[in-house]
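Colleague: Chains as they are written, first to last, in the numbering used here: chain A, 1 to 412; chain B, 1 to 434; chain C, 1 to 171.
Source of the hints: derived by calculation from the structure; they are not laboratory data.
It should be emphasised that the depicted structure is a prediction, and the values quoted were computed from it without experimental measurement.
Don't be surprised by glycine CBs; every beta carbon is placed ideally from N, CA and C.
Some hints could be false.
Claimed, not checked - Not close to chain C: a few residues of chain A, all C-beta gaps over 10 Å, as computed:
1. 75
2. 165
3. 258
4. 284
5. 292
6. 300
7. 335
8. 359
9. 371
As the list claims (entries may be wrong) - Below, computed lysine-lysine pairings styled on BS3-like, alpha-carbon distance capped at 27 Å:
10. C:52 to B:432
11. A:185 to B:432
12. C:51 to C:24
13. B:347 to B:285
14. C:129 to B:184
15. A:185 to B:187
16. A:330 to B:432
17. A:330 to C:129
18. A:185 to A:172
19. A:75 to B:184
20. C:129 to B:187
21. B:432 to C:129
22. A:75 to B:183
23. B:285 to A:75
24. A:185 to B:285
25. B:183 to C:129
26. B:347 to A:75
What the hints assert, rightly or not - If you want the footprint, here are the derived chain A segments under chain B, 3+ residues with CB under 8 Å:
27. 147 to 156
28. 217 to 224
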Amino acid sequence: MTFMDTAFTKPSAPFNKSVFFIPALIAGGGFLFFIILAATGHPEKAWLAYLTNFIFFTVLSCGGLLFSTLMHFTKARWSHTFAAVAEAFSAFFPVSFVLFILLFIGQNYVFPWVGQDLHGKEVWLNVPFLFARDSVAFLILYSLGFGYLYHSLKFRLKTAPQNTRLKTFLFKRFEQSSHDPETIKQRMTVFAGWYMFAFAMCLSLIGFDLVMSADPHWYSTLFGAYTFIKAIFAGFGAIILLVSLLHLTPKVPFTLTPAQLADMSTLFFGFSIVWGDFFYSQFVVIWYGNIPEESAYIIERTMTHPWRILAWTVFLGCFILPFIILLSRKIKQSPRCMIVISSCVLTGLWIEHFLLLGPSFLAHDPAVFPIGFGELIITLGFLGLFSISILAYFKELPEALKINSGEGGQWK
Amino acid sequence: MSQLTFETINTTVLDTLSRPGKAYWCIIALLFCGVIMGASCWAYQIFVGVGVAGMNTPVHWGTYLINFVFWVGIAHSGTLISAILFLFRAGWRNPIARAAETMTVFAVCIAGLFPFIHLGRVWLVFYMLPLPNQRTLWPNFQSPLIFDVIAISTYLTVSSLFWYTGLLPDLAIIRDRSQGVRKKIFKVLSLGWSGRTGQWMNYSRAYLLFAGLATPLVISVHSVVSWDFALSVIPGWHTTIFAPYFVAGAIHSGLAMVLTLSIPLRKMLKYEALITMDVLESIAKTIVFTGIIVGFSYATELFIAWYSHNSIEMETFWWRAFGHYAPEYWIMVICNTVIPLLYLSKKIRTHVIPLFIISIFVNIGMWYERFVIIAGSVAHDFLPNAWGHYRPTWVEGGIMVGAFCLFFFLFLLFVKHLPSVSMTEMKEMIHKTE
Amino acid sequence: MNTDAIIVTGLYNTQEETLAAVEKIQEKGFEVTEVHSPIPSNALARALGRKKSRIGWFTLTGGLIGFFSGFALAVFTSTRWNLIVSGKPILSWIPFFVIAFEFTILFAVLGNVLGIVTQVGLPDPNYEKNYDPECSGSLYGIEVASTPEDADSLRDLLHRTGSLKKQRETK
């Protein structure tokens, strides 16, 4: 307890500037590599890696914030520690939006249907309309997310800030506005509800527009719902990974009890089953119907070399492994084990995004394994960007790491 | 909540088991007549042939299967409330869990009757069982209809066992507080439950596992029901969203049925202190949520039909909304997605009468949803020269009314003879909030 | 425990009183043989030093048996006649999974029920021994074993810890 107190006399104690150095280096390297790859004759590979990572980290951060809104909305009391960390994922929203706009540069590579005869689908699948509607979708989703975060921070920022401009600005606004916890909570509930609604709508749209349409002749009604279920699964996995890392970092005053982690892991376990259910529901209908225009997509991705290796890896990493391992309560309580398992799942989901997009981007060649050195470097670059956003959030708001900050503290 | 004690819970629930009045037996007799009427319609169909029902080319799946899906759907929310909300530790489920579970068991029984009725030659029902015929040819386990047989019978077994397990401690309370024949009966039923610590510990664990197993089961059962349709290639049936969409729809209709049942139940058995307005409000809020999912599914289906630019898909959905069955379609859309939104108003969802009326609308809407999907899709599929309409006959109507009577008949019998609110779970709930 | 030991049952109103009483009785060196309660309590189970429930193993075994027997049934029956139906392979694992899944749940539940029968000890024809009928409805009953010589001090102890009445002393 004394350790915690000293840590908070200096608000930004756990993070000084040097922690940003390595992620920034990696992000810069990834970006550089992307440019080199795009310029040296493999722009489709570079943009495939870009798009995969953009979608992966975007849905991950949206799913992360969803946890906090969901728990607030359902008035769950066990999850406040996680909610505080989950809110940090919203720091990636602005970055994600900029990355989305940058996709415009690569439109000829990002959308394999550009220049194809779409037999009437041009009404929906054309670049200006797509960017217009998806930007609006992102703007709505992110504003609702920030609206929720703004009210949630009212509970977290207690003491007058000393150094940072953003916090001083926020703190002054909070001072002027209403202090009644009930009103703030009610506003949070409204924002949370709309955020979740927008989450389902926007991520369905993103799933249809950026992933499903990569093969413009294929369609599946479940794809939208599958996208946002996957986002929730990925988001929860990322939260588990982050809280376990924070818990194991001695410099950070953030601790978990085994019971808390076990609850969260159980929820995660549940979502791995939900993911499996959605996967199977989509798969079995197409497999059974056996209509060429539908099954070609599945056959290419699950039954031809080299993609089938990836398909099995995904299935193993996202469903079989977590399902079998997480049956044990002991493992669910251990941060170290949960780091391994959530990393497995996140890797699996990353590959899954790559698998959905890849065959539409790359020429079919059974001899070449599609994930190479280049893809990994670019992915690391994105991971660097993502880490910087989260670290920046915690540097700005170390209060989030304090136990019982936020509305949970109000209820104690 | 704080004025409730263990003793008041016992007396409130045990009072409901007192000797029922004349009005009760009159209603029971009336419902029984309804059941007899339904049974006579079925008998008539067996003697004359299945042609007395309105099913004919191209619509071979009529109200019998519509009712089958409808009742399976009703069953689902019972498991949702008793198992899924139990895992999520939602306290508001406790007062209604028992009633909802009972509803599940009866609804699955009634759902299970309809394939029998639909068969026509019902004595050949053993063809569905995993038994070889004289040429050692077995049922085809790739067939969704066989999935269904297995899923529904598993569901019936599991939900009955789950229900009975949950009843055990309550049966012991009745045993300990009654005399004579009743004591003897409950002595047998309660299996000698004595609430020892070791018993409770194993029992709680088993109950948790039960809930954990019932949750994937309930999702799989309605997915399997949806695959009866989705695994074909009929436009309007063959669509990947069907499994989650059917599950959400099932919970939507089931929650509405829980409201429809628990509001009169609360009045009749004086449960106002146990089934509080908060509980009813929480159900109403959940109905809004499931209604939004169902609306999302309707919208996605329409959007993808348009996006696909597949002429047959587009025609199917255009016809669904503006063709021969357009009134049914709009009843479905309005009752399932628009009317439940009224629950967003605090004024409406805190009054019993609007709560009750809206829940009836949702029930009607969900029945029509099954009608639109099942009858509407095959009536208008690939070949224009095979298009046709379906209209139920009086025999089907009679059997349907009989089924509803049977359901309410069983449920009314239940509420006066077994504890319709779980005393044990109520006590656990007040013990936790203390 | 020797043959002339007797069991004294004390009845308590709340779980908190019961827990405190159990601790006190154990402190004094008496053996608490059983507690009857209207609702489950983890704290009581811990105080009595009960081992963790082993029901999960029954369920798991049932589930595993179900999973494999579901597949086995589907595979066995479809290989009796190698008859291709609607262009699906004879051994179509993807639809067979549904059968295997339903069997998993069914057998896991049956295993669970077997677990209840063996672990919870139901049906129990001799339940009435040392059992007070008040315990199912609202009261907590603590069964304590003692020798006839110590019985008086035990009765006194039960009374002091808040027992409503002492009754049902059995040899």
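Colleague: Next step is simple, just say for each hint if it's right about the structure.
Modeller: Do the hints match the structure? See the list:
| no. | hint | in the structure |
| --- | --- | --- |
| 1 | 75 | 24 Å, holds |
| 2 | 165 | 50 Å, holds |
| 3 | 258 | 16 Å, holds |
| 4 | 284 | 6 Å, violated |
| 5 | 292 | 12 Å, holds |
| 6 | 300 | 17 Å, holds |
| 7 | 335 | 23 Å, holds |
| 8 | 359 | 21 Å, holds |
| 9 | 371 | 26 Å, holds |
| 10 | C:52 to B:432 | 22 Å, holds |
| 11 | A:185 to B:432 | 24 Å, holds |
| 12 | C:51 to C:24 | 21 Å, holds |
| 13 | B:347 to B:285 | 13 Å, holds |
| 14 | C:129 to B:184 | 17 Å, holds |
| 15 | A:185 to B:187 | 51 Å, violated |
| 16 | A:330 to B:432 | 26 Å, holds |
| 17 | A:330 to C:129 | 38 Å, violated |
| 18 | A:185 to A:172 | 19 Å, holds |
| 19 | A:75 to B:184 | 45 Å, violated |
| 20 | C:129 to B:187 | 14 Å, holds |
| 21 | B:432 to C:129 | 30 Å, violated |
| 22 | A:75 to B:183 | 43 Å, violated |
| 23 | B:285 to A:75 | 13 Å, holds |
| 24 | A:185 to B:285 | 18 Å, holds |
| 25 | B:183 to C:129 | 17 Å, holds |
| 26 | B:347 to A:75 | 21 Å, holds |
| 27 | 147 to 156 | violated (count 0) |
| 28 | 217 to 224 | holds (count 6) |
Consistency with the previously given hints fails for numbers 4, 15, 17, 19, 21, 22 and 27, ordered from lowest to highest.
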